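S.K.: The primary structure of each chain is shown beneath.
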Amino acid sequence: MKKNTTESKLTKAANQQMAEPPAFVWENIEEELHPQDSKRKFAFWWFGSALMAIIFIVLFVNIDQDKNRTTTDIATSNTTVHQKNTIQNNQTTLLSSNKRTTKDLDLNDKLTSDDVTSDDITIEKSIGSTQSNRNNNSIEKINKGNALIATLTTEYPDYLNSTTSNNTNSSRNEKRLIAVHANNSVISKSNKEDRSNISTHAITSLSTNFLIYDRADISYNECPKFNKKLEFKPFVEFGVLGGVHNIGLSQNNNIHLYNLRKNSESSWYSTGLYTNIGLNISKNWHASIGAEWTMSKDRFESKIEGITKMIVTFDPANGTAIDTSFISGALYNKGDITFHFIDIPMSLGYTISKDKWKYGIELTGLLNIKTFSEGKIYNDSEGITSIESEDNIYKSSIGLGLKSSIVIARELNDDFTLQVKPTFKTYLNTINNENYSLPTKYKLFSISIGLKKYF
Amino acid sequence: MLYDNYSRQMYSICLRYCHDKASAADALQEGFIKVYRYINTFKNTGNLYSWIKVIIVRSCLDQIKKEKANFSLDIDHLSIAEHNYELDLNFDDYTYKKILKILDTIPPGYKLVFSMHVLDEMSHTEIASILGITESTSRTQLYKARKLIKKNMLNYSIVHTNVVYD
Numbered sequence: 001m002k003k004n005t006t007e008s009k010l011t012k013a014a015n016q017q018m019a020e021p022p023a024f025v026w027e028n029i030e031e032e033l034h035p036q037d038s039k040r041k042f043a044f045w046w047f048g049s050a051l052m053a054i055i056f057i058v059l060f061v062n063i064d065q066d067k068n069r070t071t072t073d074i075a076t077s078n079t080t081v082h083q084k085n086t087i088q089n090n091q092t093t094l095l096s097s098n099k100r101t102t103k104d105l106d107l108n109d110k111l112t113s114d115d116v117t118s119d120d121i122t123i124e125k126s127i128g129s130t131q132s133n134r135n136n137n138s139i140e141k142i143n144k145g146n147a148l149i150a151t152l153t154t155e156y157p158d159y160l161n162s163t164t165s166n167n168t169n170s171s172r173n174e175k176r177l178i179a180v181h182a183n184n185s186v187i188s189k190s191n192k193e194d195r196s197n198i199s200t201h202a203i204t205s206l207s208t209n210f211l212i213y214d215r216a217d218i219s220y221n222e223c224p225k226f227n228k229k230l231e232f233k234p235f236v237e238f239g240v241l242g243g244v245h246n247i248g249l250s251q252n253n254n255i256h257l258y259n260l261r262k263n264s265e266s267s268w269y270s271t272g273l274y275t276n277i278g279l280n281i282s283k284n285w286h287a288s289i290g291a292e293w294t295m296s297k298d299r300f301e302s303k304i305e306g307i308t309k310m311i312v313t314f315d316p317a318n319g320t321a322i323d324t325s326f327i328s329g330a331l332y333n334k335g336d337i338t339f340h341f342i343d344i345p346m347s348l349g350y351t352i353s354k355d356k357w358k359y360g361i362e363l364t365g366l367l368n369i370k371t372f373s374e375g376k377i378y379n380d381s382e383g384i385t386s387i388e389s390e391d392n393i394y395k396s397s398i399g400l401g402l403k404s405s406i407v408i409a410r411e412l413n414d415d416f417t418l419q420v421k422p423t424f425k426t427y428l429n430t431i432n433n434e435n436y437s438l439p440t441k442y443k444l445f446s447i448s449i450g451l452k453k454y455f
Numbered sequence: 456m457l458y459d460n461y462s463r464q465m466y467s468i469c470l471r472y473c474h475d476k477a478s479a480a481d482a483l484q485e486g487f488i489k490v491y492r493y494i495n496t497f498k499n500t501g502n503l504y505s506w507i508k509v510i511i512v513r514s515c516l517d518q519i520k521k522e523k524a525n526f527s528l529d530i531d532h533l534s535i536a537e538h539n540y541e542l543d544l545n546f547d548d549y550t551y552k553k554i555l556k557i558l559d560t561i562p563p564g565y566k567l568v569f570s571m572h573v574l575d576e577m578s579h580t581e582i583a584s585i586l587g588i589t590e591s592t593s594r595t596q597l598y599k600a601r602k603l604i605k606k607n608m609l610n611y612s613i614v615h616t617n618v619v620y621d
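Chains U and X are the protein sequences, given in the same order. Residue numbering for the first sequence follows my numbering, starting at 1 and increasing by one per position. Residue numbering for the second sequence follows my numbering, starting at 456 and increasing by one per position.
Pulled out of the complex, with its shape left as it was, chain U reads as follows (with noise of 0.2 Å):
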């Protein structure tokens, strides 16, 4: 069917006819096109929601334990529990009206040791507006982020309309604890009797996201520790290590070849690297895995002595000889032995912090994965050869080893520590082939160098 000359140029302005679809055309068509990317995606935030599942329940478990614990301390101490504030630095007009709460701040009163925290704070706090609803029923524990939030006006409404004349008698003997939180942290907090003005200053000066912490009547053994709680802190550390090391031999029915080699080998020097992975799995224990390179020299030299060289001159004309001469002296035979081991290290540490100090000790267990050696020995035959061409004297793998080491750290900033750990390590099992004639036994002792990386 032919079409007239109008429908033509009809046809040809469809033709022409464009509009921009909408982008999610496109991405729905591609989703259609690559299930397979799809199922990836998927299977990625599955895997990503389940681990962010177990992570959350762990850290729930983890504080919900510590609230129950926290709860019963006190609890007990109830009898003494009068009155705590909670008291956001945001809301000026609280804070005017409540004066003793601004009357027992004191800036400069320092956190002992024992109750320095980082950002890691529990705490609890107890609210009661009058002295007939302090009950076991208004102690509560806030660990919310490790920071201290709580909203009074929403949280709290009978506090603020309440004064505060029955929060504590100025005549009792009593003992105060203050902290005041900021930036996650306690940055002062003081135990007295008397009642110093406050410097506003300390209220004014801070930033939003605290809470002033406020507890009266309690005597200080009485007061909330201001514990770290658990926490997992992924880790990676890498370092350098030098030491001196032992190859001892055992004599084994085989006294010649012992001494030959007990004469001709000595230790040299140790060096390796090491990095591991691990985990900060309490304020104090640390659990790591990783992968270690040590190398090890000896020195070889041997020495034979008397010998004497008889040196014959020939005439090139005739043949004869012309000339005989003897030297005498030692024969030398001078090399290097280097020992390579890499192992597998899986440790468990105990550090105790003192400032910016951190103690404590180490132990590893070792996977020897690999040992290759090179380098000049006395063979069976007690003849000098090459460590390479004797395949019967040294293991390829040694099998299992320990290592204990002495921590000293310190942190450089929050992210990174620098640590010297003195080291001990020895293999369990000899590192000679089992039909070698000498048991070998092999012993490091190191110091590294390393640094730590915290996330």
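Read the hints as simulated data drawn from the structure, not as lab findings. As the structure is a prediction and not an experimental result, all values here were calculated from the model. Be aware that one or more of the hints could be misleading.
As the list claims (entries may be wrong) - Cut-off 30 Å, straight-line C-alpha distance, at most; resulting in silico cross-link-like pairs (BS3-like, lysine-lysine):
(1) K9(U) - K556(X)
(2) K476(X) - K12(U)
(3) K605(X) - K12(U)
(4) K303(U) - K262(U)
(5) K606(X) - K12(U)
(6) K443(U) - K303(U)
(7) K12(U) - K556(X)
(8) K9(U) - K602(X)
(9) K552(X) - K605(X)
(10) K498(X) - K9(U)
(11) K556(X) - K602(X)
(12) K553(X) - K12(U)
(13) K443(U) - K262(U)
(14) K521(X) - K489(X)
Please build the complex by placing chain X on the supplied structure of chain U, with the hints as guidance.
M.R.: Coordinates of chain X only, in the frame set by chain U:
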């Protein structure tokens, strides 16, 4: 890329067939999914644009059917002589958009066949195949569509003139 090259034109077609933008987008999406899935069956000797267009139009019809469960074409089987099918329409005084407005005033079945044949250059064989009708019916629909369009164009002119001179 195929989508970049043809999506605008095809979306314009979808907008013409479908009732709203959402339906048009759905039709475009389903159409292009088919295009990508069956691109291997396309023979290089053919016209790719036409090939894609047929798929998109089919997709639009599927979309219309999906939205209106009882969708059916009001098709009667007039038997008209071949020479009567061609009516001399004069579109010279009308813009493309005006024609589309006039197309909206005729029954869906007529509009569909007219759009497919005149605007989208499909043969009666293709139309018959897509709509599940005979070629003869397709021709009949086209004849009626042209007739109605001509009539409505006249009405449109009168209305338009009245508006202008009121």
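S.K.: Each hint needs a verdict: does it hold in this structure or not?
M.R.: Right, here's what the structure says about each hint:
Taking the CA atoms of K9(U) and K556(X), the gap is near 17 Å; set against the 30 Å cutoff, the hint holds. Our distance criterion of 30 Å between C-alpha atoms is met by K476(X) and K12(U), whose separation comes to about 23 Å. In summary, the hint linking K605(X) to K12(U) is supported, as the alpha carbons are separated by about 20 Å, within the 30 Å threshold. Taken as a hint, the K303(U) and K262(U) pair is honoured in the structure, with Cα atoms around 12 Å apart against an allowance of 30 Å.
A threshold of 30 Å between alpha carbons decides the hint, and for K606(X) with K12(U) the separation of about 23 Å falls inside it, so the pair holds. A threshold of 30 Å between alpha carbons decides the hint, and for K443(U) with K303(U) the separation of about 26 Å falls inside it, so the pair holds. About 17 Å separates the Cα atoms of K12(U) and K556(X), which keeps this hinted pair within 30 Å; it holds. Using a Cα cut-off of 30 Å, the hinted pair K9(U) and K602(X) holds, with the two alpha carbons roughly 18 Å apart.
The hinted pair formed by K552(X) and K605(X) meets the criterion: a straight-line CA distance of about 16 Å does not exceed 30 Å. Our distance criterion of 30 Å between C-alpha atoms is met by K498(X) and K9(U), whose separation comes to about 29 Å. With a C-alpha separation of about 16 Å, the suggested pair K556(X) and K602(X) falls inside the 30 Å cut-off, and the hint holds. Straight-line distance between C-alpha atoms of K553(X) and K12(U) comes to about 15 Å, which keeps the hinted pair within the 30 Å bound.
The hinted pair formed by K443(U) and K262(U) meets the criterion: a straight-line CA distance of about 16 Å does not exceed 30 Å. The suggested pairing of K521(X) with K489(X) holds, with an alpha-carbon distance near 17 Å, which does not exceed 30 Å.
Violated hints for the displayed structure: none, as all numbered hints are satisfied.
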